[in-house]
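Visitor: One-letter residues, chain by chain:
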Amino acid sequence: MLLWAARRVVVSLVLIWTVATVVFTVIHLVPGDPAELLLSSGGVAPDPAAVAELRERLGLDRPFLVQYGDFLSRLARGDLGTSMIDDHPIMDEVLLRLPRTLELIAAGAVLAVMIGIPVGTEAALRRGTVFDRATSATAALLLAVPIFVVGTLLVLVFAQWLRWMPAGGYVPLARDPWQHLTLLTMPALAIAKGLVAVVFRMTRAAVLDSLSRDFVRTARAKGLSPARILVHHVVRNAIIPVLTVLALHMGTLLGGTVLVEYVFNWPGLSTPLLKAVEARDYPMVIGIVLTISVLFVALNLVMDLVYAALDPRIRHA
Amino acid sequence: MRRLAVPGALVAAIVLIALAAPLLDLPDPVRQDVARRLSGPGPGSPLGRDEFGRDVLSRLIWGARASLTVAFASAGIACALGTLLGLLGGWFRGLGELLALRSMDIVLCFPPILLALLVVTLLGPGTATLILVLSILFLPGFVRVTYAEVLSARSHDYVEAVRALGAGPLRILLVTVLPNVAGPILVQLSLAVAAAVVLESGLSFLGLGVVPPEPSWGLMIRGARATMAQAPLLLLWPCAALTVTILAMNLLCDALRDWVDPRTAAAVRLRAIDRVLPGLLPPPRSDAVLKVEGLTVEIDTPAGVIRPVEDVSLAVGPGETVAIVGESGSGKSLTAAAVMGLLPPAARVAAGAAWFDGVDLLRLHETALRQLRGNAIAMVFQDPMSSLNPVHRTGDQVAEAILAHRPITAAAARREAVALFRRVGIADPERRSRAFPHEMSGGMRQRVMIAIAIANKPRLLIADEPTTALDVTVQAQILDLLADLRRETGMAVVFITHNLGLVAEIADRVVVMYAGQVVEQGDTASVFARPLHPYTRALLAAVPEGEAKPEAIPGTVPPPHALPPGCRFAPRCPHAAPACAAGVPPLAPQEGRHVRCVRLDVMRGETASA
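Quick note, the sequences are listed as chains A and B, same order. Just so we're aligned, residue 1 is where the first sequence starts under the numbering used here, counting upward by one. Just so we're aligned, residue 1 is where the second sequence starts under the numbering used here, counting upward by one.
Quick caveat, the hints were computed from the structure, so don't treat them as lab data. Some hints here could point you the wrong way.
Just so you have them, the derived chain A footprint on chain B, three or more residues with Cβ under 8 Å [what the hints assert, rightly or not]: (1) 198 to 207; (2) 379 to 393.
Residues from chain B that face chain A, not an exhaustive set, calculated with beta carbons under 8 Å [said to hold, decoys possible]: (3) I221; (4) T243; (5) N250.
Virtual Cβ for every residue (Gly too), placed ideally from N, Cα, C.
Same shape as in the complex, but just chain A:
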């Protein structure tokens, strides 16, 4: 088990290194270097002297491999460089905003699991009934509505028409817990919307599959109560594929935060990211993209470990 976990951690580190290398290489492979791109606007050729100066400031005039080595060693020390726009250290920005993005993701995932698993189980047990069809149709609809549409409509209904809560914003938990949670509600719902549908569908399918397994027949032959069969044998086994799917959708979830933070004005990582993309602030874009990719890989790693804890067969594979 320990060896297996260690191997997974090493694989994750290799993945992170690959991502960093790819990002670094791609930036340097595009025609024209970042300095030129940054200074050129509206098709006007930039002033060569200004380009040269910026290149020197960014260290772009050094050989590729030297830059790459420098990039990696700084990365290993947790230094993401400084913004090209205001020279602010990128790591500070990331550390300030990352917890807020993580909070959104956690809230969304918890909501999705808390709604998706019970409703999916119930739908499987009542398959073919009106309840089953209604919930399945709702899931199909939720999957079809893009996340920013849900967000925008939530704002329209709850902030504009009903005036139950502000359209967006952020208050630190320490300052006003109630207001913090109120402001978290709509973004979390929007983040959770697709995941609820995915968890629901997978739970329903996995519970149906579990129900027809021989070990459930054994459990019934033992004379166990339906509740015990459901919790210990059906759902316990159905959870495993549900978790796999959750892990697979982490990417969508992380991508979703970009749109949701924008819609609800939630000051997570995506605000500086979008600003940096528009301003072509390369170091900032690289820094944030790397952070989120590392997060992505890390979340997958955590999922794998949880998965192994739940399914004893994995640990020996």
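Using the hints provided, position chain B relative to the given structure of chain A.
Guide: The following block gives chain B in isolation, referenced to the frame of chain A:
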């Protein structure tokens, strides 16, 4: 096919409207008319005008064109390139395989929208960038699907055959393999188009996709956000268009997938189990532990109602072992499942009774039945691997059975489980009880199943092919264990098997079933000495014994929806005569047993002379 029609038509309509946009005589979608900004529906603009006075309907339709162009172009490029890479990687293996697949893994390391943002930073927003980004994002899906399909196609006989005929790799790939991978690729393509619409609108919504003033649904939602208080409809139109389009595409994907891969579409229809009038007959007075009378099981199929078990009667006395024998499809396992109340949802008891302790198991309420199951009546199943729950320790699974019926502490139950492990002959029971099923051998697992079954000292044990999944030496050990346990506890045993050879070793009496009916039953010694039914005789001849070569029975058991009119065994019977087709023969008492054959005189004569 029917499920394809509605979403297919909807998607086709949306695509057609978008294609026909230039022919529809719509107002210019980018011409501003600030004087009439935010004006409601009116002549010339049925859906009103937006914040710059542009016609909303026109922008919706031209916006569809923008979205679909990006979606189809990117999905098409990804499909062509990805299929090619997958084909080459799967066919040539080696370095090509490595490059094609590993490079795709890198793409999968990024959350999709982030990769898109990265590329937009480099190339600037615009339709061309969008198409490039989305093609990169969808590439891995196509490569993987094609690669997996090629690998499985490679090993198929028809590919081997074409190869043996000397066809070149290119020809094989294009003519033989590609048509076979077309289905999954089509599904992948439809998924990619739907996902592209979502991503395109999302990026445009962020202002990083389609460049204004070009119309796009994402941009329209972005614009309408500012004025949602005054003109909420402006927001709702593009939201509705986007949602309906994606919903139709998703439904089309689902229908396509089911069509390409029918396995996922299989759905079992639930039916309430019909029960015949309960308690009409008094319980029979007999000393039998279990007495089954006239049991009939029905299943509704698309082809009509079938009866896999018909009018089956049998009795098991205390301490007696009764074997039910027959080929697969004879209805022996369903008989046992019906007695235990463990029939699959599609099957129901149509008639009959199963008396146990003065109660009819077939009419017993589920709660009462549950108290008997695993307690007074226990069951051992065929495949111990799938019958044990893979995620729980084996000792806990035994303890669970004890705790379900007796009010003792969990620790006491666990100690008892260890004792049971020792009793069923598992060495090192303390350690073994902490093992998971996958850490045990097949024979060991079946011992665990037996430990679960005997945990509450049942009076009746039903063993459904308990040794079929095991190899021969282990088979013998398990049979010995069952015989020992029976001697010790005095429990009655119903032993279901297709192997008549085992019956002689273990059973006092034998019930031979064929195509849902009992064809012969009697005590083991006399049935073996003088089988009366031709099927019993054929089964005996099929048992390998000494030097004699076993004789296989020609043909197979007829499926329950295509039974012959008279005797069900007649089509495979070497003694069949015209009389056999006249009607189903009755199960008649003969020489202290029961036989279902109209040509008994001939049979008896043959046995005598043999």
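Visitor: Evaluate each hint against the coordinates.
Guide: Taking the hints in turn, this is what the structure says about them:
1. 198 to 207: holds (count 6)
2. 379 to 393: holds (count 10)
3. I221: Given a least distance of 6 Å, the restraint on I221 (chain B) holds.
4. T243: holds, 5 Å
5. N250: Because about 5 Å separates N250 (chain B) from the closest Cβ in chain A, which is inside the 8 Å limit, the hint holds.
Checked against the numbered hints above, the structure violates none of them.
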